[in-house]
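Trainee: With the hints as extra help, turn the sequences into a complete structure.
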Amino acid sequence: MGIKVGINGFGRIGRNVLRTALGDSDIDFVAVNDLTDTKTLAHLLKYDSVLGNLDHEISATENTIKVNNDEFRVFSERDPAKIPWGEVGAEIVIESTGIFTAKEKAALHLRDGVKKVIIS
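Mapping to numbering that gives the first Met the number 0: the sequence shown position 4 is 3, numbers consecutive.
Treat the hints with care, as some may be off.
As the list claims (entries may be wrong) - Computed cross-link-like contacts, SDA-like style, restricted to lysine to any residue with a CA-CA straight-line distance of at most 20 Å:
no., residue 1, residue 2
1, Lys81, Lys114
2, Lys102, Asp78
3, Lys3, Ala20
4, Lys114, Gly22
5, Lys114, Asn68
6, Lys45, Leu34
7, Lys81, Lys115
8, Lys104, Gly10
9, Lys38, Asp69
10, Lys3, Gly51
11, Lys3, Phe71
12, Lys45, Ile12
13, Lys3, Val16
14, Lys115, Val87
15, Lys3, Ala101
No lab work stands behind these hints, which were simulated from the structure alone.
Mentor: What follows is the structure, encoded as structure tokens:
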């Protein structure tokens, strides 16, 4: 089991971070926070107009996305201070919304076990 990572913002950058790290045993994606519904997020992860189709089994429920045998939670919070990263044990958060790029705003993720925020 690797380091537990959450992604805030599952647009092109957030999805590509996950796609790139799939299969890396050192990284365990535990949650995504995005305002879009999970079925749409799963579809966008599977089918990318630039990178092509992701050759993995992908499914979604109301609050999870599953990629092969790995399942992660999907939150839908506008305020980063309210994202329940502690519920999933996130240690690192990838901030890829393009909104919380200032150090002070990105630091809102630094609680409930989150040790680092990587701003894209």
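Trainee: For the pair we were handed, lysine 38 and aspartate 69, check the Cα-Cα distance against 20 Å.
Mentor: holds (16 Å)
Trainee: Take the C-alpha atoms of lysine 102 and aspartate 78, compute the straight-line distance between them, and say whether it is at most 20 Å.
Mentor: Judged against 20 Å, a Cα distance of about 15 Å means the pair holds.
Trainee: Regarding the pair lysine 45 and isoleucine 12, is the alpha-carbon distance no greater than 20 Å?
Mentor: It holds: about 14 Å lies between the C-alpha atoms, which stays within 20 Å.
Trainee: Is lysine 104 close enough to glycine 10, meaning Cα to Cα at most 20 Å?
Mentor: Within the cut-off at roughly 19 Å; holds.
Trainee: Against the 20 Å threshold, does the CA-CA distance of lysine 3 and valine 16 hold or violate the hint?
Mentor: holds (14 Å)
Trainee: Are the Cα positions of lysine 45 and leucine 34 separated by 20 Å at most?
Mentor: holds (18 Å)
Trainee: Between lysine 81 and lysine 115, is the straight-line Cα distance small enough, at 20 Å or below?
Mentor: holds (17 Å)
Trainee: Is the hinted pair lysine 3 and alanine 20 satisfied, with a Cα-Cα distance of at most 20 Å?
Mentor: Roughly 12 Å between the alpha carbons, so the hint for lysine 3 and alanine 20 holds.
Trainee: Does asparagine 68 lie within 20 Å of lysine 114 when you go C-alpha to C-alpha?
Mentor: violated (26 Å)
Trainee: Straight-line Cα separation of lysine 3 and phenylalanine 71 no greater than 20 Å?
Mentor: Holds. Lysine 3 to phenylalanine 71 sits at ~11 Å (cutoff 20 Å).
Trainee: Given the hinted pair lysine 3 and glycine 51, is their alpha-carbon gap at most 20 Å?
Mentor: Violated, at roughly 27 Å.
Trainee: Regarding the pair lysine 114 and glycine 22, is the alpha-carbon distance no greater than 20 Å?
Mentor: violated (23 Å)
Violated hints, in rising order: 4, 5, 10 and 15; the structure is consistent with all others.
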